[in-house]
Amino acid sequence: MKVAAAAYAMDFLDSFEAYEEKLTRWVSEAVGADADLLVFPEYGAMELATLAGRDVARDLEASLRAVSDRIPEADALHATLAQKFGVHILAASAPVFDPALGDRPVNRARFFAPDGSMVHQDKQIMTRFEREEWGVVAGGPLQIFDTALGKIGILICYDSEFPLLGRAMAEADLILVPSCTEALTGYSRVRIGSMARALENQCVTVMSSTVGPCGWSEAVDENTGMGGIFGPPDTGFPPTGVIAEGVLNQPGWTYAEIDLKQIAHVRADGVVLNRRHWDDQMGRDVIAATRKLG
Numbered sequence: 006m007k008v009a010a011a012a013y014a015m016d017f018l019d020s021f022e023a024y025e026e027k028l029t030r031w032v033s034e035a036v037g038a039d040a041d042l043l044v045f046p047e048y049g050a051m052e053l054a055t056l057a058g059r060d061v062a063r064d065l066e067a068s069l070r071a072v073s074d075r076i077p078e079a080d081a082l083h084a085t086l087a088q089k090f091g092v093h094i095l096a097a098s099a100p101v102f103d104p105a106l107g108d109r110p111v112n113r114a115r116f117f118a119p120d121g122s123m124v125h126q127d128k129q130i131m132t133r134f135e136r137e138e139w140g141v142v143a144g145g146p147l148q149i150f151d152t153a154l155g156k157i158g159i160l161i162c163y164d165s166e167f168p169l170l171g172r173a174m175a176e177a178d179l180i181l182v183p184s185c186t187e188a189l190t191g192y193s194r195v196r197i198g199s200m201a202r203a204l205e206n207q208c209v210t211v212m213s214s215t216v217g218p219c220g221w222s223e224a225v226d227e228n229t230g231m232g233g234i235f236g237p238p239d240t241g242f243p244p245t246g247v248i249a250e251g252v253l254n255q256p257g258w259t260y261a262e263i264d265l266k267q268i269a270h271v272r273a274d275g276v277v278l279n280r281r282h283w284d285d286q287m288g289r290d291v292i293a294a295t296r297k298l299g
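Just so we're aligned: 74 in the numbering used here is position 69 of the sequence shown, and the numbers increase by one with no gaps anywhere.
Please keep in mind that the hints were generated in silico from the structure rather than gathered at the bench.
Heads up, a few of these hints could be off.
Said to hold, decoys possible - Computed beta-carbon distance windows for the label pairs:
(1) A175 <-> S20: 36 to 46 Å
(2) G220 <-> R172: 38 to 48 Å
(3) A81 <-> A175: 28 to 38 Å
(4) D151 <-> P243: 19 to 29 Å
(5) D285 <-> A81: 39 to 49 Å
(6) Q286 <-> G241: 23 to 33 Å
(7) T240 <-> A175: 10 to 20 Å
(8) G121 <-> A175: 24 to 34 Å
(9) T190 <-> K297: 29 to 39 Å
(10) G107 <-> G37: 33 to 43 Å
Said to hold, decoys possible - Lysine to aspartate or glutamate pairs mimicking EDC-like chemistry, simulated, CA-CA at most 20 Å apart:
(11) K266 <-> E205
(12) K27 <-> D16
(13) K156 <-> D264
(14) K27 <-> D39
(15) K156 <-> E262
(16) K89 <-> E22
(17) K7 <-> D60
(18) K89 <-> D39
(19) K156 <-> D41
(20) K89 <-> D16
(21) K7 <-> E227
(22) K27 <-> E66
(23) K27 <-> E78
(24) K266 <-> E176
(25) K89 <-> E34
Virtual Cβ for every residue (Gly too), placed ideally from N, Cα, C.
Please work from the sequences and hints to get the whole structure.
See the structure below:
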């Protein structure tokens with residue numbers, strides 16, 4: 006398969022038709038490069054808040070509701086594009102008010118199949134900004150999706166920095182990591198997390214990023230990142246673990262060819278077998294004593 010990871014710049018939109026044209030252009034470009042799986046970033050849907058005007062887009066609480074209100078429309082568009090082009094699309098995640106989960110929004114990534122069907126994955130662990138200032142909360146549990154492209158999991162941004170969440174994805178062939186990071190420090194943390202999860206699970210991780218300034222939003226005002234596809238630095242993969250990577254803060258797609266047979270091979274007969282040997286930590290992950298030296 007060919008995967009495409011977005012470095013996505015959000016825009017101030019004057020109509021939903023403008024959003025439809027933009028998204029169609031992005032999807033068409035990736036399809037033109039023969040991509041089978043398209044990965045958009047965390048909170049890339051915040052540009053939908055601009056449809057309610059600048060004052061709403063700049064207001065933290067109002068922007069949450071403005072985006073959530075537009076998600077059914079956006080989902081219908083993604084489903085149509087997935088069907089039209091015969092691809093899998095991870096839509097840019099969005100704050101969604103889901104009454105079944107309480108009165109605060111979750112950060113939800115929706116995943117579309119070529120037949121237009123949809124599943125979703127909610128973020129598990131909130132950053133300080135999400136929990137202390139924005140009031141976005143953890144959503145439903147982790148899932149693995151069995152697709153025509155293999156078994157796929159999703160760790161949204163900060164979730165990728167937690168090994169036990171990654172280990173829950175041990176059966177996944179690919180882990181998608183949509184991210185939204187303000188500074189190079191944040192981007193680096195998620196990139197390192199993505200690479201670590203690929204190492205531990207001997208799988209491929211696909212990281213997408215928001216990029217560029219958004220002066221109309223207090224939540225996503227500055228964005229730093231690029232697309233990246235990572236694997237274990239082992240048999241059949243690049244020695245750095247970097248399969249493909251974009252250019253920092255340059256909007257566009259980063260592409261890579263992925264062979265599930267390579268993933269199966271490195272898991273069965275790699276130079277090391279991190280995934281298989283994970284449980285060898287158990288019982289050894291305890292400090293027996295703290296001893297004074299010198």
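Now for the hints, and whether the structure bears them out:
Range check, A175 to S20: Cβ separation about 44 Å, and the 36 to 46 Å hint holds. Between G220 and R172 the beta carbons are some 40 Å apart, a value that agrees with the proposed interval 38 to 48 Å. Taking 28 to 38 Å as the suggested C-beta distance range, the pair A81 and A175 conforms, at roughly 34 Å. Checked against the hint of 19 to 29 Å, the pair D151 and P243 passes, with Cβ atoms roughly 27 Å apart.
Range check, D285 to A81: Cβ separation about 48 Å, and the 39 to 49 Å hint holds. Separated by about 25 Å at the C-beta atoms, Q286 and G241 satisfy the suggested range of 23 to 33 Å. The hinted window of 10 to 20 Å between T240 and A175 holds, with their beta carbons roughly 19 Å apart. The hinted window of 24 to 34 Å between G121 and A175 holds, with their beta carbons roughly 30 Å apart.
At about 35 Å, the beta-carbon gap between T190 and K297 stays in the expected band of 29 to 39 Å. Take G107 and G37: their Cβ atoms lie about 42 Å apart, and the range 33 to 43 Å holds. As the CA atoms of K266 and E205 are separated by approximately 18 Å, the hinted pair is consistent with the 20 Å bound. Under the criterion of a C-alpha separation no larger than 20 Å, the hint pairing K27 with D16 is consistent with the structure, at around 9 Å.
For the given pair, K156 sits about 13 Å from D264 by alpha-carbon distance, which is consistent with the 20 Å threshold. Between the alpha carbons of K27 and D39 the distance comes to roughly 19 Å, so the proposed pair stays at or under 20 Å and holds. Annotation: proposed proximity of K156 to E262 holds, straight-line Cα distance about 16 Å (limit 20 Å). With a C-alpha separation of about 18 Å, the suggested pair K89 and E22 falls inside the 20 Å cut-off, and the hint holds.
Our distance criterion of 20 Å between C-alpha atoms is broken by K7 and D60, whose separation comes to about 40 Å. For the given pair, K89 sits about 14 Å from D39 by alpha-carbon distance, which is consistent with the 20 Å threshold. This hinted pair checks out: K156 and D41 have alpha carbons roughly 14 Å apart, not beyond 20 Å. For the given pair, K89 sits about 24 Å from D16 by alpha-carbon distance, which is inconsistent with the 20 Å threshold.
Using a Cα cut-off of 20 Å, the hinted pair K7 and E227 is violated, with the two alpha carbons roughly 30 Å apart. Taking the CA atoms of K27 and E66, the gap is about 26 Å. The hint is violated against a cut of 20 Å. The hinted pair formed by K27 and E78 meets the criterion: a straight-line CA distance of about 15 Å does not exceed 20 Å. Straight-line distance between C-alpha atoms of K266 and E176 comes to about 14 Å, which keeps the hinted pair within the 20 Å bound.
The straight-line distance between the Cα atoms of K89 and E34 is roughly 14 Å, inside the 20 Å bound, and the hint therefore holds.
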